[in-house]
Amino acid sequence: MSSSKNKSIAGASGSSRRERTIDIVNRRLAKRYRIEKRFRFYGLCSIIVSMVFLAVLLTSIVSNGYSAFFQTYVRLDITLDSAMLDRENPGKSNFQAIIKQSINKLYPEVEDRKSKRELYALFSSGAAFQLRDLVMRHPDLIGTTVSLWVPADDDVDMLMKGYIKRSVAENERRLSDRQLGWIDRLADQDRIEKRFNVTFFTAGDSREPELAGIWGAVKGSFFTLLVTLVLSFPIGLAAAVYLEEFAPKNLATDFIEVNINNLAAVPSIVFGLLGLAVFLNFFGMPRSTPLVGGLVLMLMTLPTIIIASRAALKAVPPSIREAALGVGSSKMQMVSSHVLPLALPGMLTGTIIGMAQALGETAPLLMIGMVAFIVDIPGGFTDPAAVMPVQIYLWADSPERAFLERTSAAILVLLAFLVLMNAAAVIMRKRFEKRW
Amino acid sequence: MAETTVIDDGKKSEAFVLSPEKLRRQRIAKFIGEGFLLVVASFVAVVVLFIFYFVAVDAIPFFQQRGFAEFFTSTSWYPADEPGEFGALAIIYGSGMVTIGSALIAVPLGISAAICLSDVLPFSVRQYAKPVIEMLAAIPSVAYGFFALVIFAPLLQNYGGPILMWAWWLIAGPFVLLAVIVVGDVLTSGNDDSSKRKTMRAVLTGVLSIIAVVFLYWAGSALNAIQILSGTNALNVSLILSFMALPTIVSVSEDSLQAVGRELREGSYALGATRAETLVKTVLPAASSGILAAVILGIMRAIGETMVVWMASGNSSHIPDPWYNYLDSIRTLTATIAGDMGEADQVTGSARYHVLFAMGLLLLVFSFFSNLISERIVVRQRKILSGE
Amino acid sequence: MQEVLKKKSLEKRVLAPRESRKTIGNINVQNPRMVCRNVDVYYDDKQAIRKVSIDIGRNEVLAMIGPSGCGKSTFLRCLNRMNDTIDGCRVTGKILFDGKDIYDSSVDVVPLRAQIGMVFQKPNPFPKSIYENVSWAPKIHGLAESKAEADEIVESSLHKAGLWDEVKDRLDQPGTGLSGGQQQRLCIARAIAVSPEVILMDEPCSALDPIATAKIEDLIDELREQYTIVIVTHSMQQASRVSQRTAFFHLGDLIEVGSTDTIFTKPSHQLTEDYITGRYG
Numbered sequence: 015m016s017s018s019k020n021k022s023i024a025g026a027s028g029s030s031r032r033e034r035t036i037d038i039v040n041r042r043l044a045k046r047y048r049i050e051k052r053f054r055f056y057g058l059c060s061i062i063v064s065m066v067f068l069a070v071l072l073t074s075i076v077s078n079g080y081s082a083f084f085q086t087y088v089r090l091d092i093t094l095d096s097a098m099l100d101r102e103n104p105g106k107s108n109f110q111a112i113i114k115q116s117i118n119k120l121y122p123e124v125e126d127r128k129s130k131r132e133l134y135a136l137f138s139s140g141a142a143f144q145l146r147d148l149v150m151r152h153p154d155l156i157g158t159t160v161s162l163w164v165p166a167d168d169d170v171d172m173l174m175k176g177y178i179k180r181s182v183a184e185n186e187r188r189l190s191d192r193q194l195g196w197i198d199r200l201a202d203q204d205r206i207e208k209r210f211n212v213t214f215f216t217a218g219d220s221r222e223p224e225l226a227g228i229w230g231a232v233k234g235s236f237f238t239l240l241v242t243l244v245l246s247f248p249i250g251l252a253a254a255v256y257l258e259e260f261a262p263k264n265l266a267t268d269f270i271e272v273n274i275n276n277l278a279a280v281p282s283i284v285f286g287l288l289g290l291a292v293f294l295n296f297f298g299m300p301r302s303t304p305l306v307g308g309l310v311l312m313l314m315t316l317p318t319i320i321i322a323s324r325a326a327l328k329a330v331p332p333s334i335r336e337a338a339l340g341v342g343s344s345k346m347q348m349v350s351s352h353v354l355p356l357a358l359p360g361m362l363t364g365t366i367i368g369m370a371q372a373l374g375e376t377a378p379l380l381m382i383g384m385v386a387f388i389v390d391i392p393g394g395f396t397d398p399a400a401v402m403p404v405q406i407y408l409w410a411d412s413p414e415r416a417f418l419e420r421t422s423a424a425i426l427v428l429l430a431f432l433v434l435m436n437a438a439a440v441i442m443r444k445r446f447e448k449r450w
Numbered sequence: 117m118a119e120t121t122v123i124d125d126g127k128k129s130e131a132f133v134l135s136p137e138k139l140r141r142q143r144i145a146k147f148i149g150e151g152f153l154l155v156v157a158s159f160v161a162v163v164v165l166f167i168f169y170f171v172a173v174d175a176i177p178f179f180q181q182r183g184f185a186e187f188f189t190s191t192s193w194y195p196a197d198e199p200g201e202f203g204a205l206a207i208i209y210g211s212g213m214v215t216i217g218s219a220l221i222a223v224p225l226g227i228s229a230a231i232c233l234s235d236v237l238p239f240s241v242r243q244y245a246k247p248v249i250e251m252l253a254a255i256p257s258v259a260y261g262f263f264a265l266v267i268f269a270p271l272l273q274n275y276g277g278p279i280l281m282w283a284w285w286l287i288a289g290p291f292v293l294l295a296v297i298v299v300g301d302v303l304t305s306g307n308d309d310s311s312k313r314k315t316m317r318a319v320l321t322g323v324l325s326i327i328a329v330v331f332l333y334w335a336g337s338a339l340n341a342i343q344i345l346s347g348t349n350a351l352n353v354s355l356i357l358s359f360m361a362l363p364t365i366v367s368v369s370e371d372s373l374q375a376v377g378r379e380l381r382e383g384s385y386a387l388g389a390t391r392a393e394t395l396v397k398t399v400l401p402a403a404s405s406g407i408l409a410a411v412i413l414g415i416m417r418a419i420g421e422t423m424v425v426w427m428a429s430g431n432s433s434h435i436p437d438p439w440y441n442y443l444d445s446i447r448t449l450t451a452t453i454a455g456d457m458g459e460a461d462q463v464t465g466s467a468r469y470h471v472l473f474a475m476g477l478l479l480l481v482f483s484f485f486s487n488l489i490s491e492r493i494v495v496r497q498r499k500i501l502s503g504e
Numbered sequence: 178m179q180e181v182l183k184k185k186s187l188e189k190r191v192l193a194p195r196e197s198r199k200t201i202g203n204i205n206v207q208n209p210r211m212v213c214r215n216v217d218v219y220y221d222d223k224q225a226i227r228k229v230s231i232d233i234g235r236n237e238v239l240a241m242i243g244p245s246g247c248g249k250s251t252f253l254r255c256l257n258r259m260n261d262t263i264d265g266c267r268v269t270g271k272i273l274f275d276g277k278d279i280y281d282s283s284v285d286v287v288p289l290r291a292q293i294g295m296v297f298q299k300p301n302p303f304p305k306s307i308y309e310n311v312s313w314a315p316k317i318h319g320l321a322e323s324k325a326e327a328d329e330i331v332e333s334s335l336h337k338a339g340l341w342d343e344v345k346d347r348l349d350q351p352g353t354g355l356s357g358g359q360q361q362r363l364c365i366a367r368a369i370a371v372s373p374e375v376i377l378m379d380e381p382c383s384a385l386d387p388i389a390t391a392k393i394e395d396l397i398d399e400l401r402e403q404y405t406i407v408i409v410t411h412s413m414q415q416a417s418r419v420s421q422r423t424a425f426f427h428l429g430d431l432i433e434v435g436s437t438d439t440i441f442t443k444p445s446h447q448l449t450e451d452y453i454t455g456r457y458g
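Same order as they appear, the protein sequences are chains A, B and C.
Plus 14 on top of the position in the first sequence (first one is 1) and you've got our numbering.
Plus 116 on top of the position in the second sequence (first one is 1) and you've got our numbering.
Plus 177 on top of the position in the third sequence (first one is 1) and you've got our numbering.
No lab work stands behind these hints: they were computed from the structure.
Fair warning: this is a prediction, and the values are worked out from it, not measured in the lab.
Any given hint might turn out to be false.
Said to hold, decoys possible - Each pair of labels, with its calculated beta carbon distance range: (1) I489/B to F55/A: 28 to 36 angstroms; (2) R34/A to G212/B: 55 to 63 angstroms; (3) D281/C to V440/A: 47 to 55 angstroms; (4) M316/B to I36/A: 24 to 32 angstroms.
The beta-carbon is built from N, C-alpha and C at its ideal position, and this holds for glycine as well.
So here's chain A without its partners, still in its complex pose (with noise of 0.2 angstroms):
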């Protein structure tokens, strides 16, 4: 582009035989306004697609989830026959049996074993233990008859919801022609509908997927991340204060910094080896527990504190710590008077956004053990728990169709949790931004 040192450039007056500046210039212009036309193009497009990109993956997830929202339920009028129940211990009862008994009577016509089989196989196993506690709640219900809205098997709740076609042919199908039948008898007779699925918010997970929740998970992501805080918190922030203001300036402060941030730069899956090796093999506790998933993760969000809470420290104007220090504070009281209270909302802030990081982990929790099938609900941080990312995994790896919804809906309420802290955090930054 600089073939214009060829041509000649003259003063105002120049003759017709060279040209002018401006007109060099203004020849050239034409082709440099185009490429600049280019330039925002690409520009915005990579923005663009990055838009896209979110957007697909918001919404397919979004699709996927919502209907988990939803579960098939059948009413089931339940005769609690004391002739079958222990009045004494209800808890021993056989509850299958009466709830096989209520089936029969609204399908009198099945009669063989085999079909007797398929008919039950439309409705959960958890209805059983739900009629259990329902009787052992009330057991001044034995000897009536209760309507009681029992879950359906997932399959039926794929059929309700669409995912199981009925024009695919009868032996591609999960259900048969038969099941297909009974179902619709159900409906005819209003005895089956979609409720609010309360199970996936209360209970824990399971091998069947109507009677899967996350509530275990949430409350392991509780008390893992509670651990991760109490931890991380308070180091981050002891380690941030004396490298801003009190660590002079050699080669041991030169090596505490660079060590920080190469702890930043180890890959996630290494904590998990780390937990491994330090936290269970060599001290021996517990696998799978929020105790030591709040340790690893500890070690994971430190460089986020530190660096958030340094950058804080550093937004208080030295005017101020010259000010404390000139009507006689010492040091610590300067810091701890003065500068701590302004740079708290930033220390804050980063600390929240640490957490939010901290909720999506995987890797290093799946290598510390969480990989188990965990059904209970941990009540403390040394009962074996999982995680929400890692009920994540352990869904999508399912092959039930209904796992599949169960993990875009799960997927979505980890996103709120994100949502929510990150949110939380901009609040603040912005609410204390304005402080001074």
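Chains B and C: place on chain A using the hints.
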């Protein structure tokens, strides 16, 4: 210098002079206070060394048992066999493959997005564009893995050919056409006569365009005919990884571009340069080190990612045939560690257990090294810009 | 913080290594408050103050003037050991306050700074309420054990700083919400609250408008009755208005010291005269 009589009001000086005992107590208190902080800060620093130590301690036995040659040169990965084979070359290759693949997508995309955000877009649009990119960073990796496995993989499998063809047209199309125009301009710019040059350029551009379109069409239909056997392959992973590395590249590059400062830009505009020229000739060279650092950080993100590759790469430990075939399943270091540790942990002390730590050590060393380089680059750029 | 202060130190002008110049004028006073002898200040290897000796008298206002970079602020900061906070800054020589060298190792800098207070160039009230700004330091020094005592100190300090009437109804509002001149008076009140003997002022009016400046100059005159004031100023008019003695610094040396009248009407040193007549600044 005459000495004046100083009225020593002995009482006053007691106020700020400490008795030796008080002095000592004060010194101890200060020592404890600052010492505590020092200990905490050092703890954090030392953790890194501990990580390195513990991983190395468990990795070295592998090399003691099996040596270095097999790990780095053999592609036979059969750890469960008796005796096992631990050739990790294919796995290392797999890691490299998806990292490079994601870099090829994320780097141009990320840098142009960063340029767009810092210089091109008006402030109001920037307010919305930036959060979108930051949102990409906030999405947990397991969600990306789920998307890659459950939604994107079947898509590739069922509609692979057409998708590739569309992607080809979308990306290569504008580039090829741009190349045609530029070539046309360059070849005809030597000619001085304005009108003759215009006709020559039109003719040349026309001819080249036809050739270009034919080429695009031919390549496109070739792609269309491709049958993707398995949706879980290197292409899938590379694509998803690129969107995970994108936010890192964008934000660090943007910081770097902002750090160049208004003065440099204004100097260029004042000389009558267009925005594109200012960016390409002035700003980008000044920010180049920071952008390079951003790219390195993005690569680190890609190579350290576990969940997406574990769920969507196919986990097949072999070097694709031919070596550039991204439509084949591969396996990465991170996925191997995550996937095999379940069984390997049962046989603690065996080569099977230790080889995973060897892989971890490899990842750690690579990450430290890249981090060091990127740190150096950033520090150097800051020094150059601030004129030290 | 450390980096900012380090940068500040590096910005000091490079001084050519040479012998210190003899001071003209009488450095001594009767019954001085502070006595400085052969004070040198080094920032790493560069010397910023060269063998300065001067007395500071009781209840006088001593003005320190000189072109920028001559070291007057540096010297001022030595008097309450604020230079301790700068990395790489070394002070040698003697600075006596009530007969005791303040750089002695047995001196605790914390109560020292309660006795020798400082007001800075740019007003820097704490981002707390007006009340808290003034009461914070007395509380940490134990001068105000109860709320009643604190109230009293706050009121009297604000009175002395000439700010009480303007803020007495809004003591709980943030100090940063005041105007520039009011903020600086608040800083003066804050310094007064710990009952210092000496108040050091580092160009206190350079960030203020003329009206606020005038108010503060009046204030300095009133404060003189109770405190000793050392003021660094860029403005020769200000120095001639508020001070009784003036010291002229140039490139780290104390060139001339004497009564303000003498310095401004009959300076003895050529450099002093050139500076005062505006030949250089």
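A quick look at each hint next to the structure:
1. I489/B to F55/A: 28 to 36 angstroms: 33 angstroms, holds
2. R34/A to G212/B: 55 to 63 angstroms: 57 angstroms, holds
3. D281/C to V440/A: 47 to 55 angstroms: This hint holds: roughly 52 angstroms between Cβ atoms.
4. M316/B to I36/A: 24 to 32 angstroms: 26 angstroms, holds
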